[in-house]
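Below are the chains, spelled out letter by letter.
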Amino acid sequence: MFEGLGNLIAYQWLGLSADSKLGSALQFFIMDLSKILVLLILVIYIMGLLRALLSPEKVREFVRNKPKWLARSLAILLGAVTPFCSCSSVPLFIGFVEAGIPLGVTFSFLVASPMINEVAAVILIGILGWKLAALYIASGLTVAYFGGMIMERFKPERWVEDYVWKISMGNTEREKPDTSLGGRHRYAWHEVKEILGRIWKWVVMGIALGALFHGYVPEAWVSEYLGGEDNWWSVPAAVLLGIPLYSNATGVIPIAEAMLGKGVALGTVLALMMSIAALSLPEMLILRKVIKWPALALYAGVLAIAFMLVGWGFNLIS
Amino acid sequence: MKTIKVLGSGCANCKTTARLIEKTAAELGLEIKLEKVEDVGQIMSYGVMSTPGVVVDGKVVHAGGLPDRKNIQQWLT
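So the sequence lines, in the order shown, correspond to chains A and B.
Position one of the first sequence corresponds to residue 1 (this note's numbering), numbered consecutively onward.
Position one of the second sequence corresponds to residue 1 (this note's numbering), numbered consecutively onward.
One or more hints might be untrue.
Stated by the list, open to error - The following label-pair restraints were derived from C-beta to C-beta distances:
1) A:Leu37 <-> B:Thr77: 15 to 25 Å
2) B:Thr3 <-> A:Trp189: 27 to 37 Å
3) A:Ser223 <-> B:Gln73: 51 to 61 Å
4) B:Lys23 <-> A:Trp189: 15 to 25 Å
5) B:Thr77 <-> A:Ser55: 17 to 27 Å
To be verified - Here are the simulated DSBU-like pairs of lysine-lysine, each with C-alpha atoms no more than 35 Å apart in a straight line:
6) A:Lys58 <-> B:Lys2
7) A:Lys166 <-> B:Lys15
8) A:Lys68 <-> B:Lys23
9) B:Lys2 <-> B:Lys70
10) A:Lys58 <-> A:Lys289
11) A:Lys193 <-> A:Lys289
12) B:Lys59 <-> A:Lys289
13) B:Lys2 <-> A:Lys176
14) A:Lys155 <-> A:Lys58
15) B:Lys15 <-> B:Lys36
16) A:Lys58 <-> B:Lys33
17) A:Lys193 <-> B:Lys23
18) A:Lys176 <-> B:Lys70
19) A:Lys68 <-> B:Lys59
20) A:Lys166 <-> B:Lys2
21) A:Lys66 <-> A:Lys292
22) A:Lys131 <-> A:Lys66
23) B:Lys59 <-> B:Lys70
24) A:Lys131 <-> B:Lys2
25) A:Lys201 <-> A:Lys292
26) A:Lys193 <-> B:Lys15
27) B:Lys2 <-> A:Lys193
28) B:Lys15 <-> A:Lys289
29) A:Lys289 <-> A:Lys176
30) B:Lys70 <-> A:Lys193
31) A:Lys289 <-> B:Lys36
FYI, nobody ran anything at the bench for these hints, they're computed from the structure.
Quick reminder that beta carbons are idealized off the backbone N, C-alpha and C, glycines included.
Work out the full structure: start from the sequences and follow the hints.
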């Protein structure tokens with residue numbers, strides 16, 4: 001249906017040829033834009049209707065005072081279903097620290113949350129198929145689990161800003177949510193507007209980049225430079241490229257789609273996706289308010305190495 | 001007169017939330033006392049981890065994301 005819409009607008013109405021660069025780029029853009037928009041609205045609305053979206057405050061309650069392996073697993077799984085705007089990472093970090101949640105577990109949450117979420121999962125399945133979706137999610141969860149564990153070994157507590165330890169969290173009375181059908185609908189629709197309002201630019205940018213790649217990058221160039229395991233450096237290059245490039249997990253998917261379509265190696269694509277979603281300069285600068293430079297470097301370093309291992313690993317076996 | 005606090009350390013959504021509340025109050029012809037709380041320690045003292053948060057007369061009515069217009073009207077009246 002969405003492919004048909006792309007064909008209709010790009011090839012029939014605008015009369016572009018399917019072989020032309022512009023034509024195939026535009027067809028890709030329209031197809032992905034319509035598909036992702038429809039999926040986004042549906043998923044966010046349904047999750048909102050079920051009020052299935054968790055708040056960080058609830059995650060904190062679930063995770064505190066649990067044995068470490070359980071705390072970490074919960075933090076990652078809950079991180080994956082908690083919609084969380086990186087602008088909240090400072091209060092979130094402090095709230096976790098205040099609850100006595102180990103720093104390594106907090107890092108695991110901070111890694112998993114931007115990389116994996118239910119919205120991105122559904123769109124991954126819709127665009128790349130469930131196999132690739134499962135691969136991405138499984139590697140993301142693994143990186144979050146072990147990445148946080150390794151960061152903990154470096155005793156990052158010494159690099160937390162002093163004022164963080166002094167803050168104590170209060171417990172003010174909260175209003176109960178309206179759970180009538182009308183209330184649920186209003187909440188769900190509001191959620192759609194709010195989340196779309198926040199991420200639409202990343203999604204459109206991702207689709208545009210994907211479309212450019214799809215239309216303008218020749219396959220021969222791809223197979224020479226980004227192809228198989230002969231080019232060991234294409235994986236670290238993908239990770240490096242992902243650091244200044246920032247998008248949310250949903251916006252990354254069309255880029256991955258276009259690259260896989262041109263035959264870029266699977267591991268290289270996964271490494272790029274993870275790096276774009278989870279390693280971003282602006283987010284790290286926000287974290288600088290609560291942790292000092294060595295901890296930030298540790299965070300970025302461990303993640304970069306983990307993403308490279310994921311990339312090389314998949315390139316070897318695929 | 002209701003006292004309303006917008007909790008948020010200067011993020012774009014926090015400023016928009018404060019403006020939305022001001023605008024809605026003006027439309028309803030209500031006088032309110034609007035205060036922006038930007039200090040992280042103070043924000044956390046309300047038990048809020050996702051900003052922007054909204055506190056009406058000492059009760060947290062909202063946390064995380066932009067509030068809905070209808071909800072704002074409910075808080076004010």
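Do the hints match the structure? See the list:
For Leu37 of chain A and Thr77 of chain B, the Cβ-Cβ distance of about 36 Å falls outside the hinted range of 15 to 25 Å, so the restraint is violated. Between Thr3 of chain B and Trp189 of chain A the CB atoms are about 29 Å apart, so this pair conforms to the stated range of 27 to 37 Å. Take Ser223 of chain A and Gln73 of chain B: their Cβ atoms lie about 59 Å apart, and the range 51 to 61 Å holds. Remark: the range hint 15 to 25 Å for Lys23 of chain B to Trp189 of chain A is upheld by a beta-carbon distance near 21 Å.
Against the hinted window of 17 to 27 Å, the Cβ-Cβ separation of Thr77 of chain B and Ser55 of chain A comes to about 26 Å, which satisfies the hint. The suggested pairing of Lys58 of chain A with Lys2 of chain B holds, with an alpha-carbon distance near 28 Å, which does not exceed 35 Å. This hinted pair checks out: Lys166 of chain A and Lys15 of chain B have alpha carbons roughly 27 Å apart, not beyond 35 Å. For a cut-off of 35 Å, the pair hint linking Lys68 of chain A to Lys23 of chain B is broken: about 47 Å separates their Cα positions.
The straight-line distance between the Cα atoms of Lys2 of chain B and Lys70 of chain B is roughly 17 Å, inside the 35 Å bound, and the hint therefore holds. For the hint linking Lys58 of chain A to Lys289 of chain A, the alpha-carbon distance of about 23 Å falls within 35 Å, and the restraint holds. For a cut-off of 35 Å, the pair hint linking Lys193 of chain A to Lys289 of chain A stands: about 30 Å separates their Cα positions. Only pairs whose Cα atoms come within 35 Å are accepted, and Lys59 of chain B paired with Lys289 of chain A is accepted, the gap being roughly 28 Å.
The suggested pairing of Lys2 of chain B with Lys176 of chain A holds, with an alpha-carbon distance near 20 Å, which does not exceed 35 Å. At most 35 Å may separate the alpha-carbon atoms for a hinted pair to count; Lys155 of chain A and Lys58 of chain A meet this at roughly 26 Å. Simply put, Lys15 of chain B and Lys36 of chain B have alpha-carbon atoms about 9 Å apart, close enough for the 35 Å limit, and the pair holds. In summary, the hint linking Lys58 of chain A to Lys33 of chain B is supported, as the alpha carbons are separated by about 30 Å, within the 35 Å threshold.
For the suggested pair Lys193 of chain A and Lys23 of chain B, the alpha carbons sit about 20 Å apart, so the restraint of at most 35 Å is met. Taking the CA atoms of Lys176 of chain A and Lys70 of chain B, the gap is about 16 Å. The hint holds against a cut of 35 Å. Among the hinted pairs, Lys68 of chain A with Lys59 of chain B is consistent with the structure: their alpha-carbon atoms are about 34 Å apart, no more than 35 Å. Proximity of Lys166 of chain A to Lys2 of chain B is assessed by CA-CA distance (about 31 Å); at most 35 Å being required, the pair is judged to hold.
This hinted pair checks out: Lys66 of chain A and Lys292 of chain A have alpha carbons roughly 27 Å apart, not beyond 35 Å. For the given pair, Lys131 of chain A sits about 33 Å from Lys66 of chain A by alpha-carbon distance, which is consistent with the 35 Å threshold. A distance of roughly 18 Å separates the Cα atoms of Lys59 of chain B and Lys70 of chain B; the hinted pair therefore holds under the 35 Å criterion. The suggested pairing of Lys131 of chain A with Lys2 of chain B is violated, with an alpha-carbon distance near 54 Å, which exceeds 35 Å.
The hinted pair formed by Lys201 of chain A and Lys292 of chain A meets the criterion: a straight-line CA distance of about 31 Å does not exceed 35 Å. Straight-line distance between C-alpha atoms of Lys193 of chain A and Lys15 of chain B comes to about 18 Å, which keeps the hinted pair within the 35 Å bound. Proximity of Lys2 of chain B to Lys193 of chain A is assessed by CA-CA distance (about 28 Å); at most 35 Å being required, the pair is judged to hold. Distance restraint check for Lys15 of chain B and Lys289 of chain A: the Cα-Cα separation of roughly 20 Å lies within the 35 Å cut-off, and the hinted pair is therefore satisfied.
Between Lys289 of chain A and Lys176 of chain A the CA atoms are separated by roughly 32 Å; this keeps the pair inside 35 Å, and the hint holds. A hinted pair counts as satisfied when its Cα atoms are at most 35 Å apart, and Lys70 of chain B with Lys193 of chain A qualifies at roughly 14 Å. Restraint check: the Cα-Cα separation between Lys289 of chain A and Lys36 of chain B comes to about 20 Å, which is no more than 35 Å; the hinted pair holds.
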